[in-house]
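2 protein chains.
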Amino acid sequence: MEVKVPSDIEIAQQAKMKPIADLAMEWGIEDEELEMYGKYKAKISLDILNRLKEKEDGKLVLVTAISPTPAGEGKSTTTVGLGQALNKIGKKAVIALREPSLGPVFGVKGGAAGGGYAQVVPMEDINLHFTGDMHAITTANNLLSAAIDNHINHGNQLNIDARQIVWKRVLDMNDRALRDVVVGLGGKANGFVRQDGFMITVASEVMAVLCLSTSLMDMKERFGRMVVAYTYEGKPVTAKDLGVHGAMTMLMKDAIKPNLVQTLENTPALVHGGPFANIAHGCNSILATRLGLKLGEYLITEAGFGADLGAEKFLNIKCRYGGLKPAAVVVVATIRALKMHGGVKKTDLASENLQALDKGFANLAKQVENIRKFGLPVMVAVNKFVSDTEAEIELLIKKCKEYGVDVALNECWGRGGEGGVDMAHTLVNLIEREESSYKPLYDMEASIPEKVNTIVREIYGGNGAVFSPKAQKEIKKLEELGLDKLPICMAKTQYSLSDNPELLGAPSGFDITVKEVRVSAGAGFIVCLTGDIMTMPGLPKVPAANNIDIDENGKITGLF
Amino acid sequence: MEVKVPSDIEIAQQAKMKPIADLAMEWGIEDEELEMYGKYKAKISLDILNRLKEKEDGKLVLVTAISPTPAGEGKSTTTVGLGQALNKIGKKAVIALREPSLGPVFGVKGGAAGGGYAQVVPMEDINLHFTGDMHAITTANNLLSAAIDNHINHGNQLNIDARQIVWKRVLDMNDRALRDVVVGLGGKANGFVRQDGFMITVASEVMAVLCLSTSLMDMKERFGRMVVAYTYEGKPVTAKDLGVHGAMTMLMKDAIKPNLVQTLENTPALVHGGPFANIAHGCNSILATRLGLKLGEYLITEAGFGADLGAEKFLNIKCRYGGLKPAAVVVVATIRALKMHGGVKKTDLASENLQALDKGFANLAKQVENIRKFGLPVMVAVNKFVSDTEAEIELLIKKCKEYGVDVALNECWGRGGEGGVDMAHTLVNLIEREESSYKPLYDMEASIPEKVNTIVREIYGGNGAVFSPKAQKEIKKLEELGLDKLPICMAKTQYSLSDNPELLGAPSGFDITVKEVRVSAGAGFIVCLTGDIMTMPGLPKVPAANNIDIDENGKITGLF
Numbered sequence: 008m009e010v011k012v013p014s015d016i017e018i019a020q021q022a023k024m025k026p027i028a029d030l031a032m033e034w035g036i037e038d039e040e041l042e043m044y045g046k047y048k049a050k051i052s053l054d055i056l057n058r059l060k061e062k063e064d065g066k067l068v069l070v071t072a073i074s075p076t077p078a079g080e081g082k083s084t085t086t087v088g089l090g091q092a093l094n095k096i097g098k099k100a101v102i103a104l105r106e107p108s109l110g111p112v113f114g115v116k117g118g119a120a121g122g123g124y125a126q127v128v129p130m131e132d133i134n135l136h137f138t139g140d141m142h143a144i145t146t147a148n149n150l151l152s153a154a155i156d157n158h159i160n161h162g163n164q165l166n167i168d169a170r171q172i173v174w175k176r177v178l179d180m181n182d183r184a185l186r187d188v189v190v191g192l193g194g195k196a197n198g199f200v201r202q203d204g205f206m207i208t209v210a211s212e213v214m215a216v217l218c219l220s221t222s223l224m225d226m227k228e229r230f231g232r233m234v235v236a237y238t239y240e241g242k243p244v245t246a247k248d249l250g251v252h253g254a255m256t257m258l259m260k261d262a263i264k265p266n267l268v269q270t271l272e273n274t275p276a277l278v279h280g281g282p283f284a285n286i287a288h289g290c291n292s293i294l295a296t297r298l299g300l301k302l303g304e305y306l307i308t309e310a311g312f313g314a315d316l317g318a319e320k321f322l323n324i325k326c327r328y329g330g331l332k333p334a335a336v337v338v339v340a341t342i343r344a345l346k347m348h349g350g351v352k353k354t355d356l357a358s359e360n361l362q363a364l365d366k367g368f369a370n371l372a373k374q375v376e377n378i379r380k381f382g383l384p385v386m387v388a389v390n391k392f393v394s395d396t397e398a399e400i401e402l403l404i405k406k407c408k409e410y411g412v413d414v415a416l417n418e419c420w421g422r423g424g425e426g427g428v429d430m431a432h433t434l435v436n437l438i439e440r441e442e443s444s445y446k447p448l449y450d451m452e453a454s455i456p457e458k459v460n461t462i463v464r465e466i467y468g469g470n471g472a473v474f475s476p477k478a479q480k481e482i483k484k485l486e487e488l489g490l491d492k493l494p495i496c497m498a499k500t501q502y503s504l505s506d507n508p509e510l511l512g513a514p515s516g517f518d519i520t521v522k523e524v525r526v527s528a529g530a531g532f533i534v535c536l537t538g539d540i541m542t543m544p545g546l547p548k549v550p551a552a553n554n555i556d557i558d559e560n561g562k563i564t565g566l567f
Numbered sequence: 008m009e010v011k012v013p014s015d016i017e018i019a020q021q022a023k024m025k026p027i028a029d030l031a032m033e034w035g036i037e038d039e040e041l042e043m044y045g046k047y048k049a050k051i052s053l054d055i056l057n058r059l060k061e062k063e064d065g066k067l068v069l070v071t072a073i074s075p076t077p078a079g080e081g082k083s084t085t086t087v088g089l090g091q092a093l094n095k096i097g098k099k100a101v102i103a104l105r106e107p108s109l110g111p112v113f114g115v116k117g118g119a120a121g122g123g124y125a126q127v128v129p130m131e132d133i134n135l136h137f138t139g140d141m142h143a144i145t146t147a148n149n150l151l152s153a154a155i156d157n158h159i160n161h162g163n164q165l166n167i168d169a170r171q172i173v174w175k176r177v178l179d180m181n182d183r184a185l186r187d188v189v190v191g192l193g194g195k196a197n198g199f200v201r202q203d204g205f206m207i208t209v210a211s212e213v214m215a216v217l218c219l220s221t222s223l224m225d226m227k228e229r230f231g232r233m234v235v236a237y238t239y240e241g242k243p244v245t246a247k248d249l250g251v252h253g254a255m256t257m258l259m260k261d262a263i264k265p266n267l268v269q270t271l272e273n274t275p276a277l278v279h280g281g282p283f284a285n286i287a288h289g290c291n292s293i294l295a296t297r298l299g300l301k302l303g304e305y306l307i308t309e310a311g312f313g314a315d316l317g318a319e320k321f322l323n324i325k326c327r328y329g330g331l332k333p334a335a336v337v338v339v340a341t342i343r344a345l346k347m348h349g350g351v352k353k354t355d356l357a358s359e360n361l362q363a364l365d366k367g368f369a370n371l372a373k374q375v376e377n378i379r380k381f382g383l384p385v386m387v388a389v390n391k392f393v394s395d396t397e398a399e400i401e402l403l404i405k406k407c408k409e410y411g412v413d414v415a416l417n418e419c420w421g422r423g424g425e426g427g428v429d430m431a432h433t434l435v436n437l438i439e440r441e442e443s444s445y446k447p448l449y450d451m452e453a454s455i456p457e458k459v460n461t462i463v464r465e466i467y468g469g470n471g472a473v474f475s476p477k478a479q480k481e482i483k484k485l486e487e488l489g490l491d492k493l494p495i496c497m498a499k500t501q502y503s504l505s506d507n508p509e510l511l512g513a514p515s516g517f518d519i520t521v522k523e524v525r526v527s528a529g530a531g532f533i534v535c536l537t538g539d540i541m542t543m544p545g546l547p548k549v550p551a552a553n554n555i556d557i558d559e560n561g562k563i564t565g566l567f
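Keeping their order, the protein sequence lines are chains A and B.
Take 8 as the starting number for the first sequence in our numbering and just add one per residue.
Take 8 as the starting number for the second sequence in our numbering and just add one per residue.
Bound-form chain A, shown alone (with noise of 0.2 Å):
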């Protein structure tokens, strides 16, 4: 019965991967609207949603998941392995995943292009430059950056408060270092002194909108919009005002592109923007989504962490600025971390504990819950694992069937598309038996206060959220700006509904404490941070990196 898995970039390095240009011509794409980056990888030029304008639109399906536990879910290895299942069953699907971030790369081992048998490849080049999409969104942002200070060194004609200054230095490096700096030292030449910091890039509001632009021209918009600081009046100063927005544009001409890669099972994967899901809404780029669309009869997505957070979002952001409607919603959940819901600890999870299971039942039936609530078909997949019991597999399907919800096991980790024929089937019938009838969950007119209500009522089942004085004088001034008409991007712990980590399950009773509140209006939606969001990550004691190498021939050793 256990099925004996290489490691993931042994699997990765001996993948039979197809030319990318085949892959491309094979699923529509014409020769002049690929961009070549060695010969598995490509970028997919825009002038492609304008051919296929008039073709209609596959099924979008969004993977989310059981509020995440030091057990894993699985979301991204659901996600390929559904694309290439759907694929085996004789239906055309694409994939659409984030692009991962550098950094973490030499911090804790660990890739993030699915794992085992469902993993998008080439592995090694994702994980590091890719296509160049991180260094041109830290470009861009930096290159704003030192706009300001180079205004403020000539003069400060737009009367910028050096002390009200909300844009960050960004590298794509975990580096603690970087967090807390001082800049302009050194005297007169090198401009005024002031307290800056350094985010991980793909924590930029730069890349916030690569995800959620709609054209080239949508970009450059966005990218004027963005606040990058306040004058001494209270009057937002944008990158517009600052005059480099169309250099911005400039610098993401080529990020702005689709990226085309393949899964081990050569289904197309559009690999494309990375948002935070924290501080931003953790979704692919609309670009790629609504390319998928037009090359797929299914578009397989997914969002970061739990759905409270991701589907959350995807629904209430990505979907309303793209013009998205899903077809149905595919909720992750592992037997070990429904365990962990249900009061077991890490170390314990290999005992069979149906208790436990039962009890921690209730976190999915609540995730599934909320995604009914904007009217989607959903079903579950359980990702399953070497540990778990038949009779664990047996309790937890049998709760689902009297919850009500569709179910299926995906065993793709170990057994690629093969593992997940069962779970395309459920999802293929869902789809054709339950219409979606997609409508976000708030108006955007609605205060701030009452939209965050809405999403802590309806989406984490507590009673209401509570405003800081902070908070409160911040959305003062947005409701003074005007800034207030916009989505809510809440920044909130991952690990359980509420904003308190330690309450797993599915908690109630409880307040949500919005400490603070920031606009991303490049982006287009009101950041509520819940606590402390870590937008800079640090090297552990002996990072990643140091166990990297690579001999002679170019072959990598210690990566993943």
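Treat the hints with care, as some may be off.
Copies of the same chain look alike in the list, so a pair counts if it works inside one copy or between any two.
[As the list claims (entries may be wrong)] Below are the SDA-like pairs computed for lysine to any residue, each with C-alpha atoms no more than 20 Å apart in a straight line: (1) K46 / D29; (2) K562 / S222; (3) K562 / D225; (4) K46 / A28; (5) K353 / T433; (6) K562 / D54.
Since the hints were made in silico from the structure, they are not lab data.
Since we're looking at a predicted model, the values are computed, not measured.
Start from chain A and add chain B according to the hints.
Chain B in isolation, oriented as in the chain A frame:
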């Protein structure tokens, strides 16, 4: 007589480029050795050097110049034009250039890929992200920085003295605010507070290593040797001590491969690596040069600044490490610049001034003399400007002939390769007539003061070098560490043969003051600084970025 030439970007945007795969095939590059980056850029696998090991090398020709003035010389334009002209007269010529930094693109308008009808294309791509080499260097450099602070944060087992960290962070951006910074603020979680600074990426030793490496493993060795800090006992701490030289090499696995593009006339152009010409050696990569020698009968390349800096380093550092033997050197001069060397102000250059030209010739004569000290055949290329008068041209040619050096006009800027036919013939004749007896100017085993004095006396025409007390102390330390038996990399003003930028022409009777001595142990040279070298440029009051824009068709305006 006057030629009407459109702007560089207009010419570049109208170029008839060959698909780079076709060009590569014509020049004997095999399909599996080519990695496409779009249709007009490619990287070439280093495997080709092994395949062509037995093939005879082409002739290596260096293009260098008189001491630069604000009037401009046109070294890149001459390099590109000469390559085009050689192909026009039936010789197979390849060119090799440095790749430009992104930072300056947003500062003062001006590209770095030749000009007029002697340009390398696709010019916009080359000046923007190109194939990602700069970004790879930035990342590798900053991984090492993060490793230093991370090591100290986690207990500082190597006993690094935080006051003696010599490794800086980098960004490919003109950003004066980052020259002097304090990092690690914000409390215990963010590490130890210390002073730091950012340089522009091209100033990184990682760039110099890229350009001096002869293989991937040689690069890894060199990264490992780089000195990043000293311990409290004064012992050097290297990248290898920190254990990240393998990961850095992995990050550079694609950057090490030469980039292939083309000129406006489809001459192959290897544009690869671009280190600073003061604190580093200012030449494109050894690997690109070696590759070009295998592909063409002639490989035309250039070095930064005037011959006293660029050619001297090319001949004493790059050729030594690369096992290269140049066949000839072309010294570029313009009548405008020679008149400035003769005392004319920039505003008065439009008027004929034979007396100033006659006087300014001394700088050209000295640079020619210097080349001969290396045992090399040399010719002068006069880069023609529309303002040059017949009498001026006649005088300059007469003076060259009197001096005993071959001379030809370069009219490639206005006429492409056709305008360099005479120059190409002159070069071919020179090489056929005169045998190169190239040898470096000094013995690496000599002491640092001996080596510096040789350069000052033989090349600059000065009395000798004076070492500040600080420099003397540093020399002593390098001698103790056994790091003094390396070539010298002079960091001196490019505007004068002396260390005083005001002394134009061919000054004599001066001393050179070495204020500071540093080792770049990975690159493999000792940097002798004669003044403050700016390693992080700033932006002007109205940066070029503010005029750059891109429209809905992706057409860029305001860039060059």
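Structure-based check of each hint:
Proximity of K46 and D29 under a CA criterion of 20 Å is satisfied in both settings, with 10 Å inside one chain copy and 16 Å between copies. When the C-alpha separation of K562 and S222 is checked against a cutoff of 20 Å, the pair qualifies only between copies, where the shortest distance is 14 Å, while the shortest distance within a copy is 38 Å. In the homo-oligomer, the alpha carbons of K562 and D225 lie at most 20 Å apart only across protomers (15 Å), although the nearest pairing inside one protomer, at 41 Å, exceeds that limit. For a Cα distance limit of 20 Å, the shortest separation of K46 from A28 qualifies both inside one copy, at 8 Å, and across copies, at 13 Å.
In the homo-oligomer, the alpha carbons of K353 and T433 never lie at most 20 Å apart, since the shortest distance is 31 Å inside one protomer and 78 Å across protomers. For the homomeric pair K562 and D54, the shortest alpha-carbon distance between copies (14 Å) is at most 20 Å, but the shortest distance inside one copy (37 Å) is not.
Hint 5 alone, counting from the list given before, is not met by this structure.
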